[in-house]
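Trainee: Since chain A is already given, all that's left is putting chain B on it; use the hints.
Sequence lines, in order, name chains A and B. According to the UniProt record's numbering, numbering within the first sequence proceeds without interruption in unit steps and concludes at 316. According to the UniProt record's numbering, numbering within the second sequence proceeds without interruption in unit steps and concludes at 294.
Incorrect hints may appear among the rest.
Distance windows between CB atoms, simulated [what the hints assert, rightly or not]:
(1) A:Y210 / B:P258: 19 to 29 Å
(2) A:V54 / B:A106: 21 to 31 Å
(3) A:L209 / B:N61: 55 to 65 Å
(4) A:V166 / B:L67: 14 to 24 Å
(5) A:F28 / B:R202: 15 to 25 Å
(6) A:Q173 / B:P56: 22 to 32 Å
(7) B:D119 / A:E204: 25 to 35 Å
(8) B:R202 / A:Y210: 39 to 49 Å
(9) A:K222 / B:W72: 49 to 59 Å
(10) B:P85 / A:N226: 21 to 31 Å
Derived list of chain A stretches under chain B, where covered just means 3 residues or more per stretch with a C-beta under 8 Å from a C-beta of chain B [claimed, not checked]:
(11) 44 to 56
(12) 83 to 97
(13) 116 to 130
(14) 137 to 149
(15) 156 to 163
(16) 276 to 283
(17) 287 to 300
Partial selection, computed: residues in chain A whose CB lies under 8 Å from chain B [stated by the list, open to error]:
(18) T33
(19) F37
(20) L38
(21) L133
(22) P152
(23) Q153
(24) P180
(25) L184
(26) W188
(27) A237
(28) V270
(29) I273
Just so you know, these hints were derived from the structure itself, not from any lab. What you are looking at is a predicted structure, and each value in this text was computed from that prediction instead of being measured. Note that CB positions come from ideal geometry on N, CA and C, so glycine has one too.
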Amino acid sequence: MTTTTSRPGRRYRPPAQLGGRGPVGATFRRRLTIVGFLAPALVILGVFVGWPMVSALRLSFTDASGFGQEKWVGLDNYVRVFTDSDIVRSIGNTALYAVLFTPVAIVVALVLALLINSPRLPFRGFFRTTLFLPFIVSLAVAAFAWSYLLDPQIGLLNYWLQALGVRIGNVLQDPVLAMPTVVLVAVWKSFGFYMVIFLAGLQEIPTSLYEAAQLDGATGWKRFTNVTFPMLGNTMAFVGIVALIAALQAFDQIYVLTGGGPYRSTQTIVMEIYSSGFKDLELGFASALSYVLLIATLLLSLVQFLFFGRRAESAS
Amino acid sequence: MSAVVSAARPVERDAVRIRARRRERVIRWSFFAAFLVVTIAIMLPVIIIVLTAFKPVSEVNAYPPTLLPTTWTLDNFATIFSDLPFLRLIGNSVVFAGGVTVFALAFDSLAAYALARLDFRGNRVLLVVIIASLMIPFQATLIPIYQLVSDLGWVNTFLGLIVPRAADAFGIFFLRQFFVSLPRDLDNAARIDGASEWRIFRSIVLPNAVPALLTLAIFTFVNNWNDLLWPLVFTTDSEMGTITSGLTLLTGPGGIIPQGVMMAGSLIAVLPLAVMFLLVQRRFIESVASTGLK
Numbered sequence: 001m002t003t004t005t006s007r008p009g010r011r012y013r014p015p016a017q018l019g020g021r022g023p024v025g026a027t028f029r030r031r032l033t034i035v036g037f038l039a040p041a042l043v044i045l046g047v048f049v050g051w052p053m054v055s056a057l058r059l060s061f062t063d064a065s066g067f068g069q070e071k072w073v074g075l076d077n078y079v080r081v082f083t084d085s086d087i088v089r090s091i092g093n094t095a096l097y098a099v100l101f102t103p104v105a106i107v108v109a110l111v112l113a114l115l116i117n118s119p120r121l122p123f124r125g126f127f128r129t130t131l132f133l134p135f136i137v138s139l140a141v142a143a144f145a146w147s148y149l150l151d152p153q154i155g156l157l158n159y160w161l162q163a164l165g166v167r168i169g170n171v172l173q174d175p176v177l178a179m180p181t182v183v184l185v186a187v188w189k190s191f192g193f194y195m196v197i198f199l200a201g202l203q204e205i206p207t208s209l210y211e212a213a214q215l216d217g218a219t220g221w222k223r224f225t226n227v228t229f230p231m232l233g234n235t236m237a238f239v240g241i242v243a244l245i246a247a248l249q250a251f252d253q254i255y256v257l258t259g260g261g262p263y264r265s266t267q268t269i270v271m272e273i274y275s276s277g278f279k280d281l282e283l284g285f286a287s288a289l290s291y292v293l294l295i296a297t298l299l300l301s302l303v304q305f306l307f308f309g310r311r312a313e314s315a316s
Numbered sequence: 001m002s003a004v005v006s007a008a009r010p011v012e013r014d015a016v017r018i019r020a021r022r023r024e025r026v027i028r029w030s031f032f033a034a035f036l037v038v039t040i041a042i043m044l045p046v047i048i049i050v051l052t053a054f055k056p057v058s059e060v061n062a063y064p065p066t067l068l069p070t071t072w073t074l075d076n077f078a079t080i081f082s083d084l085p086f087l088r089l090i091g092n093s094v095v096f097a098g099g100v101t102v103f104a105l106a107f108d109s110l111a112a113y114a115l116a117r118l119d120f121r122g123n124r125v126l127l128v129v130i131i132a133s134l135m136i137p138f139q140a141t142l143i144p145i146y147q148l149v150s151d152l153g154w155v156n157t158f159l160g161l162i163v164p165r166a167a168d169a170f171g172i173f174f175l176r177q178f179f180v181s182l183p184r185d186l187d188n189a190a191r192i193d194g195a196s197e198w199r200i201f202r203s204i205v206l207p208n209a210v211p212a213l214l215t216l217a218i219f220t221f222v223n224n225w226n227d228l229l230w231p232l233v234f235t236t237d238s239e240m241g242t243i244t245s246g247l248t249l250l251t252g253p254g255g256i257i258p259q260g261v262m263m264a265g266s267l268i269a270v271l272p273l274a275v276m277f278l279l280v281q282r283r284f285i286e287s288v289a290s291t292g293l294k
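Pulled out of the complex, with its shape left as it was, chain A reads as follows:
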């Protein structure tokens, strides 16, 4: 991330033509120009992000259903979020999903990035392109394909695994295996994106560091643990938080693969927001759930921000 930093000490004041403050008339026209550039985007963001945030907060304290009079119910919705055993379970499922998804996605993406980055691999461009392809397939479409592959009767993957002596049965109807399967599909879909970010990170490590390591006799695993891994710290943190946030918002493949079942074992917060908000029309309650998700996301982002900040300080 490159952000411009203002120079310390006395600030350079550009002349009017270069964006500085000229005569009064010029300043007014200049302001008008700036407003003109910013207005379209800011109006859209204000109306469709800013205002809905405020509105969701208000709704979360009501029993809004989209019909009739809304009643102020105070913290009732929030109390329900943390006492209704089904909802608590959904929060737990979301956490489980995140705990399974994040490390697996990072490791898969990193390992493939390291392999693709190896100068010993012929046709690196081909692999890079091919492995990125799942990213452009929609999660919903990918989920179809996976459910077909995993079908207990006619699924090819199931059949092949059986031939190898592994019986997985109907994973999507298995309360224990359904969640790992949903996570697997998500990892499959998104690793390509994280892989590309890792590739960029790898390419930024100065080759002089590897040459120095080689002179010191470090090879293979040692080079990885002493040079590559520490130098990838920031990239790792970035991918980590992006993956974690994506995990908290999982929806598409769950909707298609399991619909939250079996026995609510894959019901997550966003599935809950969708079903309570748009099926049961409990808008107030769904808004409270949304705010819980929002606060969880902000807290995790804050943790990441502090982590980043500390790293940047210790690096400089």
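Mentor: Okay, now just chain B, sitting in the frame of chain A:
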């Protein structure tokens, strides 16, 4: 090592070199073969989509299942067009994803220009607010957006699908990062010559930012084309659905649409993206890797 080799007699030296080169070649190609196997395994779902789309129903549901179709057929494609308003769904996807892309790119680049190149009070505060808004899960604001769209009478219209997404914080941030990195001398020279900001934006900054714009365009297009929750919420009329939501609604829980037909539909849904991606993949991946995203 080279010292050791050159100290040996010429014939021996050649033999060592040839052996080393041969060993290197073996390593390289076994590495390649292993990686190819891994890649094919990873691509299995994509391969399955393509192959199943061309299988007749009897083979799709056959046991034992096979990878390749024994008879290739286009029946599934015919079925999806006759049983669904499929052309309409494709059209909806194009208008929705295309519309969002055009507007978001225009509005995002304007705002990004102001944030990157114009000096004004509150610039940095505004940037921080925009970055912070990236962390808001859109699901958290979905219900008020739905109410707003429904109050405006925009449910089941393209306006309802497109307008709320006509600008996005990620795009502004992404483009700003790129614009900041362009040399300032160009536009300062133009400013001294009396060019307006609009002129500089249009004739200097935009043409230089084509890779970033292209990347963002693909990103936005793919994300919206593939999006499920958004069209699911804003369209209740099946005529207004997108490919992604249309296919999903049909299968749903306990769906009875044959897999072959679904795969044919999925293949058609992925095809435009795949073509687009393959055309610009080199620039795309490099740009994702090097602009703003780190």
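Trainee: Determine for every hint whether it applies to the structure shown.
Mentor: Tested hints:
Look at Y210 (chain A) against P258 (chain B): about 54 Å separates their beta carbons, and that is not inside 19 to 29 Å. At about 27 Å, the CB distance of V54 (chain A) to A106 (chain B) agrees with the hint of 21 to 31 Å. In this structure the supplied range 55 to 65 Å holds for L209 (chain A) paired with N61 (chain B), their Cβ-Cβ distance being about 56 Å. For V166 (chain A) paired with L67 (chain B), a C-beta distance near 18 Å keeps the hint of 14 to 24 Å intact.
For the pair F28 (chain A) and R202 (chain B), the supplied restraint of 15 to 25 Å holds, since their beta-carbon distance comes to about 23 Å. At roughly 28 Å, the beta-carbon separation of Q173 (chain A) and P56 (chain B) lies within the given 22 to 32 Å, and the hint holds. The hint said 25 to 35 Å for the Cβ distance between D119 (chain B) and E204 (chain A), and at roughly 30 Å that hint holds. A C-beta distance of roughly 45 Å is found between R202 (chain B) and Y210 (chain A), which places it inside the suggested range of 39 to 49 Å.
K222 (chain A) and W72 (chain B) have their C-beta atoms about 52 Å apart, which keeps the hinted 49 to 59 Å range intact. Against the hinted window of 21 to 31 Å, the Cβ-Cβ separation of P85 (chain B) and N226 (chain A) comes to about 60 Å, which falls outside the hint. Under a criterion of three residues with beta carbons nearer than 8 Å to beta carbons of chain B, the stated coverage of the segment 44 to 56 of chain A is upheld, 11 such residues being counted. Chain B is given as covering the segment 83 to 97 of chain A, and this is violated because 0 residues of the stretch bring a CB closer than 8 Å to a CB of that chain, at least three being needed.
Coverage of the segment 116 to 130 of chain A by chain B holds [criterion: at least 3 residues with CB-CB distance below 8 Å; count 10]. Only when three residues or more bring their CB closer than 8 Å to a CB of chain B does the claim for the segment 137 to 149 of chain A stand; here the count is 11, and the claim holds. Check on the segment 156 to 163 of chain A: 3 of its residues sit with their Cβ under 8 Å from a Cβ of chain B, so the three-residue criterion for coverage holds. Closer than 8 Å: that is the beta-carbon criterion, and the segment 276 to 283 of chain A has 3 residues meeting it against chain B, so the requirement of 3 holds.
Only when three residues or more bring their CB closer than 8 Å to a CB of chain B does the claim for the segment 287 to 300 of chain A stand; here the count is 7, and the claim holds. Given the 8 Å rule on beta carbons, the hint for T33 (chain A) holds: about 5 Å separates it from the nearest Cβ of chain B. Residue-level restraint check for F37 (chain A) holds (minimum Cβ-Cβ distance to chain B is 4 Å; threshold 8 Å). The closest approach between the C-beta of L38 (chain A) and any C-beta of chain B is roughly 5 Å, which is under the 8 Å cut-off, so the hint is satisfied.
Using the Cβ-Cβ criterion of 8 Å, the hint placing L133 (chain A) at the interface with chain B is satisfied: the shortest such distance is roughly 6 Å. The beta carbon of P152 (chain A) comes no nearer than 11 Å to any beta carbon in chain B, farther than 8 Å, and the hint placing it at the interface is violated. Hint status for Q153 (chain A): holds, given a least beta-carbon distance of 7 Å to chain B, under 8 Å. Because the closest C-beta pair between P180 (chain A) and chain B is about 16 Å apart, greater than 8 Å, the hint is violated.
Contact between L184 (chain A) and chain B, as hinted, is not supported at the beta carbon level, the nearest pair being about 11 Å apart and thus beyond 8 Å. Hint status for W188 (chain A): holds, given a least beta-carbon distance of 7 Å to chain B, under 8 Å. Because the beta carbon of A237 (chain A) sits about 11 Å from the nearest beta carbon in chain B, more than 8 Å, this interface hint is broken. With a cut of 8 Å, the hint placing V270 (chain A) at the interface with chain B holds, because the nearest CB-to-CB distance is about 5 Å.
Checking I273 (chain A) against chain B by beta carbon gives a least distance of about 5 Å; that is within 8 Å, so the hint holds.
Comparing the model with each numbered hint stated earlier shows that hints 1, 10, 12, 22, 24, 25 and 27 do not hold.
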